[in-house]
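*Asks:* Given the sequences, and given the hints that come with them, work out the whole structure.
Here is what each chain is made of, one letter per residue.
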Amino acid sequence: MNGLSLPRQLLALLAGLLLSLPLLAESRQYELGVDGLACPFCAYGIEKKLRVIDGVAQVRVDIANSLVRVTMREGATLSEARARRAVEQAGFTLRSFREAGGG
Amino acid sequence: MASVRHHTRHAAALCLLLSLSGAAQAAPITFNTALPVAEGEFVWREQLVRRRRSDGGPLDREVSVDALGSVLGYGANSRLAVFAALPYFFDRELRVTTPAGRLQRDTGGIGDLALFARYTLYKRDSKGATFRIAPLLGLEAPTGDDRDRDAVGRLPRPLQAGSGGWDVFGGVVVTWQTLQYQIDSQLLFRENGRHDGFDPGDQWRFDASLQYRAWPRELTGDTPAFLYLVLESNLSHTGRDIDDERGIGLDPNSGGTQWLLAPGLQYVTQRWILEGAVQLPAASNPHGNALEDDYLVRAGFRYNF
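Protein chains in written order, with the numbering used here: chain B, 274 to 376; chain U, 10 to 314.
Honestly, the hints are just simulated from the structure, not real lab data. Note that this is a predicted model, so its numbers are computed, not measured.
Here are some, though not all, of the chain U residues that point toward chain B, as calculated from beta-carbon distances under 8 angstroms:
hint, residue
1, K136
2, T229
3, D231
4, T232
5, V277
Just so you have them, the derived chain U footprint on chain B, three or more residues with Cβ under 8 angstroms:
hint, stretch
6, 309 to 319
7, 328 to 337
Where is the CB? At the ideal position from N, CA and C, for every residue including glycine.
*Replies:* Right, dumping it as structure tokens:
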């Protein structure tokens, strides 16, 4: 962008931001209520089981509230059935499942 | 001397059994049967154990065992977990007063391999808590050397690293865990197999563990490491040995009842746990001049693959 004037640089930056917004909005987040989670050592099992699901970008375990927040890659979705299976494989019980909104 | 040998055998058996117990939640330090494992995952525990026993009688018998207990657990599915436990004895030493003076004999090496399976029969999960009942069944294979010798001759059977016999054990583990504390308990029966005319006394155990979260005091979001204050209780009753190999028959100076208390600490992260405890005798009622525990020290780690 060295050859562009300052207004054109700002326009290009603005256009880039506008174009990226829809992509960011497609990065879905889910909030899983998980019963049985009571210590950090057990939390690792559930994190590992969710991370191997196709499209999962990030898993964060909120042990105090028994919640697991899953962020998907752009365009990827997580079904309740798949989430339930991962939670059960880790030895716990899925209490609730909801889409928490885009990132 | 014969009774010394028999009691050394008990020391080895108990040491192995204790190293066995532990895989599924934070889990106790002095037993392995409650170790948590997710489906398709492994958990690995290593624990250094130093154990001292004595009888205080005219023979002034002292038995010391320095060992490393290795346990590997695998989650076959969300309810069934299988475990393998193998002790390595750096040193198993017997010191006893004889007419010829103080005699010391020792050995070491790999001990007997124990395999067991645990099935979670009942599970009730709620927000930040879980209650589980899981029966378990296992066997111990005679993989350790039971024919080691020193300058005096073949070592007494109880001093050998291996028992030479096949043992079976089974019981039930109950776990109640919340975010603030965890209670694990196990009731276990162990039938020791007869080998070469020697039949070590069978054993009943009731173990319990309380783990209380001391830090962090308050939980916020995310998953911080926990520091648990631990108090464990180990109650055991061991039957008398039968030694037909030496023509002794039922040994009056073997077995008995013992209760140990173990304060300890656990530092628990998502991936690993550091833990340590000291087991001290609270009460005992040995048969005759059977050996009694002076103390056990345990320190080790657990790792989630």
